Amino acid sequence: MKRRGLFLLQLGFTLLVCAFLVVPVILSMLAGLTVNYFIGVESGLTLRWVMEVWNGYRETIFLSIGLSLACLAVTLVLGVPTAYVLAKRQNALTRTLEEMLVLPVAVPGLATALALIVTYGSLSGFRTSWAFILVGHVLFTLPFMVRSVLAVLSAIDLKTLEEGAASLGAGFWPRFRDIVLPNCRQGILAGSLMVVTLSMGEFNMTWLLHTPFTKTLPVGLADAYASLRLEVGSAYTLVFFLMIMPLLLALQAFAKPRPAKFVAEETE
Amino acid sequence: MRHEVRRLILLLLPAGIFFAAFFLLPMARLFFIGGSGKTGWAAYAAIITDAHYFSSLLSTLGVAAATTAATLVISGISGVFLQRHKFPGNAALVAMLTFPLAFPGVVIGFMVIMLAGRMGLVGQVTQALTGEKLVFAYTIAGLFMGYVYFSIPRTILTVMAAAEKLDPKLEEAARSLGASPWHVLRDVIIPGLKPAFISAGAICFATAVGAFGTAFTLAARINVLPMVIYTEFTLSANIAMAAALSFVLGIVTWLVLAVARTAAGSSVAAAG
Chain A
1 MKRRGLFLLQ LGFTLLVCAF LVVPVILSML AGLTVNYFIG VESGLTLRWV MEVWNGYRET
61 IFLSIGLSLA CLAVTLVLGV PTAYVLAKRQ NALTRTLEEM LVLPVAVPGL ATALALIVTY
121 GSLSGFRTSW AFILVGHVLF TLPFMVRSVL AVLSAIDLKT LEEGAASLGA GFWPRFRDIV
181 LPNCRQGILA GSLMVVTLSM GEFNMTWLLH TPFTKTLPVG LADAYASLRL EVGSAYTLVF
241 FLMIMPLLLA LQAFAKPRPA KFVAEETE
Chain B
1 MRHEVRRLIL LLLPAGIFFA AFFLLPMARL FFIGGSGKTG WAAYAAIITD AHYFSSLLST
61 LGVAAATTAA TLVISGISGV FLQRHKFPGN AALVAMLTFP LAFPGVVIGF MVIMLAGRMG
121 LVGQVTQALT GEKLVFAYTI AGLFMGYVYF SIPRTILTVM AAAEKLDPKL EEAARSLGAS
181 PWHVLRDVII PGLKPAFISA GAICFATAVG AFGTAFTLAA RINVLPMVIY TEFTLSANIA
241 MAAALSFVLG IVTWLVLAVA RTAAGSSVAA AG
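Residue numbers (this note's numbering), protein chains in the order written: chain A, 1 to 268; chain B, 1 to 272.
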């Protein structure tokens, strides 16, 4: 009887926490579709604010999508080989390298952005291009790609697989392409989702790195919150939610535990 | 063998060059610029010696500590509960609790405004109940709320993963020996989850110390270090002081995470 009470108490508490997280999301979605939020939903529903956002801030959406895809491409090129090396050689040196790579996540984005500005801010062609923001995003997301791929590579018996292929006469590149990459495909996929989601939402660095011509979605959001009416800010947030929702759902699916991987798994 | 070492180095090279050019070099430069202002290297001590900076350091650490404590209690209760009791709707609750995982700080700030802002839910409810409108989004209490909001999803995930590995037999043994639920919690569950609490708590603390987006959305009046750095850099154009302060801030967050990592094993941190 006592345990049942305890159960209900915990359930009630958890429901409250859920409400704390979900209610503001619903409120803001509603506000973005309401004619006048001050009066309430009775004032009617409208797509006017969403259209206003689309007309005023369309570019930020395209820039953020482009930026996150470019960020993904760079983190793949830099991150997968790095993870491979870290998985191959586990010693003090590679552990230090891994620790260092995580630094841009541990250090506040504000500090990293300031460091980039004082070092490269005078190269005006670079400073005013979106590549400047890209550099910041890559620094911030690279550890997630490396960790995600590394986690998969450490779970399989890479050495045996590679030795097997090598004994059959496969050189390094065929081995990398046909053995290593297919085996860490899940890690690459999970890492990619993480990289795109994080890049899409990055604000701490981007606010300092952006210029009036390189505004990303979160920068536009901050802009709209500060200067436009609540309904427009909400509509903009709604657009943002719609964009990251599929990414978040995919990430959640990946967060579930996967069946253990075996060394002798068949690849098609 | 030597051939292979050379190949591994070659594979590391792209990331290495990128990292050295865009992180190590800029950070070194930031360090020197921090010492190049009017006050010279004393700028690095200003965070302690200057009353204004020191008070914002204290409020930053205070908010971060409160956020960490509140998040750990909330996520600890809900995380263990959801891991232990599988009931219909459990998966939906977990999905809702982890959904805001990748909300950027600015959006979190806006969520706080929706709850506790001038047109927020809390204001409406309190006005209906007491006739007085409670609005606290634009103060340090609002910031605290935002950081807790931000930290709950990732902390719950960590707690659930750790709770899954706890051996239920230990609890049963404790119970069969007559331990009350409170004793089981204190002597079995909490010690078992300690590593998860330490690493998740460190991440909460570090993000609350270094985050900027939420404070930026809520108000410039909130006196926390990231806002002070931002104002020094933009309004006062005091780049040296901004550099020194942000370098110190970086060291603080890095230290917190490093100490926690040695205490609890590794885990990835995520700032927003």
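Keep in mind that the hints were calculated from the coordinates and are not lab data. Honestly, I wouldn't trust all of these hints.
When the alpha-carbon atoms are kept at most 16 Å apart in a straight line, the in silico EDC-like pairs for lysine to aspartate or glutamate are as follows [unchecked claim]:
| no. | chain 1 | residue 1 | chain 2 | residue 2 |
| --- | --- | --- | --- | --- |
| 1 | B | Lys38 | B | Glu232 |
| 2 | A | Lys88 | B | Glu232 |
| 3 | A | Lys159 | B | Glu4 |
Just some of the chain B residues that point at chain A, by a computed CB distance under 8 Å [said to hold, decoys possible]:
| no. | residue |
| --- | --- |
| 4 | Leu8 |
| 5 | Trp41 |
| 6 | Tyr44 |
| 7 | Phe81 |
| 8 | Met111 |
| 9 | Gly192 |
| 10 | Pro195 |
Please read all numbers here as calculations on a predicted model, not as lab measurements. Cβ coordinates follow ideal geometry from the N, Cα and C atoms, glycine included.
Going through the hints against the structure:
For the hint linking lysine 38 of chain B to glutamate 232 of chain B, the alpha-carbon distance of about 14 Å falls within 16 Å, and the restraint holds. A distance of roughly 45 Å separates the Cα atoms of lysine 88 of chain A and glutamate 232 of chain B; the hinted pair therefore is violated under the 16 Å criterion. Taking the CA atoms of lysine 159 of chain A and glutamate 4 of chain B, the gap is about 13 Å. The hint holds against a cut of 16 Å. Contact between leucine 8 of chain B and chain A, as hinted, is supported at the beta carbon level, the nearest pair being about 5 Å apart and thus within 8 Å.
For tryptophan 41 of chain B, the shortest C-beta to C-beta distance to chain A is roughly 17 Å, which exceeds 8 Å, and the interface hint is violated. Of the supplied interface hints, the one on tyrosine 44 of chain B is violated, with its beta-carbon coming no nearer than about 14 Å to a beta-carbon of chain A, more than 8 Å. At a threshold of 8 Å, the smallest CB-CB gap from phenylalanine 81 of chain B to chain A is about 4 Å, leaving the interface hint in force. Hint status for methionine 111 of chain B: holds, given a least beta-carbon distance of 4 Å to chain A, under 8 Å.
Below 8 Å, beta-carbon pairs count as interface contacts, and glycine 192 of chain B has none with chain A, the closest being about 18 Å; its hint is therefore violated. For proline 195 of chain B, the interface hint is violated, the least distance from its beta-carbon to any beta-carbon of chain A being 18 Å, above 8 Å.
The structure is inconsistent with the numbered hints 2, 5, 6, 9, 10, although it conforms to all the rest.
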